[in-house]
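Novice: Single-letter residue listing:
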Amino acid sequence: MNLVTPDTGLLFWMVVIFGIVFLLLWKFGFPIITSSLESRNKRIQKSLDDARALEVKMQEWTADHARMLEEARKEQSAILREATDAKNKIVADAKVQAQEEADKILSKARTEIAAEKAAALADVRREVAVLGVQIAEKILRKELGDDAGNAEYMDAVVKEVSRQKDSVS
Amino acid sequence: MILGLLISMMLLQAAPAAPAEEDVNVAEIIFEHIGDEYEWHITEWKGKPIAIPLPCIVIDNGIHVFTAHHAAENGYTFNENGKLINAATGKRPFDISITKNVLSLMMSSLLLLIVVLITARWYKKHDALKEAPTGLANAMESLIKMVDEMALENIGEKDYRKYSPYLCMAFLWILLNNFMGIIPFFPGGANLTGNIAITLTLALFTFFTVNLTGSKHYYKELLWNPDSPVFLRPVMAVIEVFSAIMKPVSLTVRLFANMLAGHIMILCMVCVIFIMAKYGPLMCGGMTAVSVLFGIFLDALECLVAFIQAYVFTTLSSIYIGLARSH
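Quick mapping for you: the protein sequence lines, in order, are chains A and B. Residue numbers are given in the working numbering: position 48 of the first sequence equals residue 48, and the series is strictly consecutive. Residue numbers are given in the working numbering: position 48 of the second sequence equals residue 48, and the series is strictly consecutive.
One chain only, chain A, in its complex shape (with noise of 0.2 Å):
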């Protein structure tokens, strides 16, 4: 039948154009195609290779950073703690010395005080003694001269004055 017999005109064009044409594709069509979008092909490959192993490192860079976060955090706390120690055990020990101190001020003071007092004391007797001889200077002149009876109230004044200076004492 006519439809399955290959028609030999048609067979020999199609031959000759498609081989013309398949020749100059061949030479300057497909070849530029292809290697173009191998090259792009490649090119995509490694890009994806590139940003996959950055990402790896990426992972371990962080995981670094956190690990030299974690020490220094660790590091500081040490840190905080022993310091923490030297201030109570420093406040302490001052304490203690401030305590010994002012013991020894205060026993030294109360010392000092008594030493005072009693040249106080000292100073006060010897005052009173004076002004009682003064006194007693003045009183004599004006009445030792004519009465007897004087000598009795000198007694009874110098009594007087023994008795007082022992209730002072």
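Keep in mind the hints are simulated off the structure, nothing from the lab. Be careful, since some hints might not be right.
[Stated by the list, open to error] Quick list of in silico lysine-lysine cross-link-like pairs, PhoX-like style, CA-CA up to 20 Å:
#1 A:165 x A:117
#2 B:247 x A:42
#3 A:42 x B:130
#4 B:125 x A:27
#5 B:145 x B:158
#6 A:42 x B:162
#7 B:162 x B:145
#8 A:27 x B:145
#9 B:83 x A:27
#10 A:42 x B:216
#11 A:46 x B:130
#12 B:162 x A:27
#13 B:130 x B:145
#14 B:220 x B:247
#15 A:27 x A:42
#16 B:124 x B:158
#17 B:216 x B:158
#18 B:145 x A:46
#19 A:117 x A:138
#20 A:42 x B:158
#21 B:216 x B:162
Since the model is a prediction, treat every value here as computed from it, not as a measurement.
Use these hints to put chain B onto chain A, whose structure you have.
Specialist: Here is chain B on its own, set in the frame of chain A:
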């Protein structure tokens, strides 16, 4: 949709040519559309045919060039299949006329050449690493990439670059001509990939590519199979050679039959309208709607088949090449 509309427009134009009183010769119409002609009959206008006259070139004691109308003056006439024969001897001369199919073949091949060269020019002028292709180059890239990857997959990293151009060429050529065949008016409409001479040539290109560039291992396995017992080897050789020959035959028939069947189905749908014309306006109108809907469906199906058949032909070719390159 557009194709469907175009078909119905074509029908409106063709309607006066098929008067309702006459019986429609469906077979004649169909064979006229799927066959080859010595002129490109486009349509009829007011009873006169509009056709592109094409040169008949005949080699028969020298080259004779004439148009089909002047065949008799040059001593040629047509046989029952409509082919030129020598009026004196009644024999077929070597007939390399530019027929409808040959003209279509030239136009589509030129179109493919231009399209691929434009695409290649884009890659020459631009750095594909920095720019994405646009327009035509972008559209072609996806197809070429698909075939290139198919070649890589079936032939292997080592050899595929050598064969990729042929596979690209076969795929794009078949795809383009399948689509041109679906277009119902002038630049398309020739039934090129549904013509056995065309598919046979394509299959022979694959056959020679496979069998002229095979590896030693391939020929050894073909002719003296080392895996079978010695007394079976001659038998195996016969079977293997037969199967090697059947491969291009199956490629030929598969593409040819698929495309031809598609064309015939669509033409039948169109013919339904003319057959129904004599059963009255209601019947004709109803059947017209049905056949236009079916026509749209078949055209969509044909678009799918056009791609699938191009893909199948190329895949099988790459697999055959891959087998012949195995080590």
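Novice: Holds or violated: residue 165 of chain A with residue 117 of chain A, Cα cutoff 20 Å?
Specialist: holds, 17 Å
Novice: Measure nothing beyond the straight line between the CA atoms of residue 220 of chain B and residue 247 of chain B; if it is 20 Å or shorter, mark the hint as holding.
Specialist: holds, 18 Å
Novice: Between residue 83 of chain B and residue 27 of chain A, does the CA-CA distance stay at or below 20 Å?
Specialist: Roughly 37 Å separates the two Cα atoms, so the pair is violated.
Novice: So if I understand the rule, the pair passes when the alpha-carbon distance is 20 Å or less; does residue 27 of chain A with residue 42 of chain A pass?
Specialist: With Cα atoms ~23 Å apart, residue 27 of chain A and residue 42 of chain A exceed 20 Å; violated.
Novice: Take a quick look at whether residue 216 of chain B and residue 158 of chain B sit within 20 Å of each other, Cα to Cα.
Specialist: Holds: residue 216 of chain B and residue 158 of chain B sit about 16 Å apart, inside 20 Å.
Novice: Below or equal to 20 Å on CA atoms is what counts here, so check residue 247 of chain B against residue 42 of chain A.
Specialist: With a Cα-Cα distance of about 35 Å, the restraint between residue 247 of chain B and residue 42 of chain A is violated, given a limit of 20 Å.
Novice: Under the criterion that the straight-line Cα-Cα distance not exceed 20 Å, is the pair residue 216 of chain B, residue 162 of chain B satisfied?
Specialist: Judged against 20 Å, a Cα distance of about 17 Å means the pair holds.
Novice: Sort out whether residue 216 of chain B lies within 20 Å of residue 42 of chain A, counting only the CA atoms.
Specialist: violated, 32 Å
Novice: Take the C-alpha atoms of residue 145 of chain B and residue 46 of chain A, compute the straight-line distance between them, and say whether it is at most 20 Å.
Specialist: Holds, at about 19 Å.
Novice: Against the 20 Å threshold, does the CA-CA distance of residue 124 of chain B and residue 158 of chain B hold or violate the hint?
Specialist: violated, 25 Å
Novice: Would the pair residue 27 of chain A and residue 145 of chain B pass a check requiring their Cα atoms to be no farther apart than 20 Å?
Specialist: holds, 18 Å
Novice: Would the pair residue 42 of chain A and residue 162 of chain B pass a check requiring their Cα atoms to be no farther apart than 20 Å?
Specialist: Holds, because 19 Å separates the two Cα atoms, which is no more than 20 Å.
In this structure, the hints that do not hold are numbers 2, 9, 10, 15, 16, 19, in rising order.
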